[in-house]
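Undergrad: Sequence:
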Amino acid sequence: MLKGGRRFCFTAYVVVGNGNGIIGIGHGKAREVPMAVQKAVNNAKKNLYKIPIVGSATIPHPVRAKYESSQIILLPAASGTGVIACETVRALSEAAGIKNILTKSYGSTNSINLLKATMKALISLQSKEEVEQKRGVKL
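According to our numbering, the sequence shown is numbered sequentially starting from 1.
A portion of the hints provided could be inaccurate.
To be verified - Have a look at the derived ranges for each label pair, beta carbon to beta carbon:
#: 1; residue 1: R6; residue 2: G82; range: 41 to 47 Å
#: 2; residue 1: E32; residue 2: E129; range: 44 to 50 Å
#: 3; residue 1: G5; residue 2: K50; range: 43 to 49 Å
Source of the hints: derived by calculation from the structure; they are not laboratory data. Even for Gly, the Cβ is constructed at its ideal location relative to N, Cα and C.
Sequences and hints are given; from them, build the entire structure.
TA: Following this line, the structure appears as structure tokens:
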């Protein structure tokens with residue numbers, strides 16, 4: 001508390017992506033909303049990841065991730081299914097260019113924790129080529 005009242009601080013989380021498999025999330029804090037958003041965008045641009053997208057704009061394999069008490073399961077879907085997900089996961093999927101995906105969240109539905117759990121899951125995805133290279137075997 002100050003003599004003139006409280007000092008407010010705004011927090012912003014931003015998702016950036018090129019719609020073709022590259023996404024990032026950023027976090028920014030400032031006393032003004034536009035400044036917080038700008039800081040978050042700059043932070044997101046520094047934290048970009050390549051996500052493998054296969055076939056009908058879906059993920060290559062099922063994946064599960066947990067952040068704090070939020071857990072998420074991402075499943076590949078057939079063409080025409082669409083993005084079946086909550087608002088937070090949908091934003092990440094669409095920014096990455098994923099057009100067909102099934103998702104299920106368990107535990108806490110806190111937006112920030114779901115965002116981080118989904119990002120963790122997407123980062124852990126591996127393409128068929130990456131798996132072949134690591135194993136040294138043709139799949």
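Undergrad: Failing hints, ascending?
TA: none
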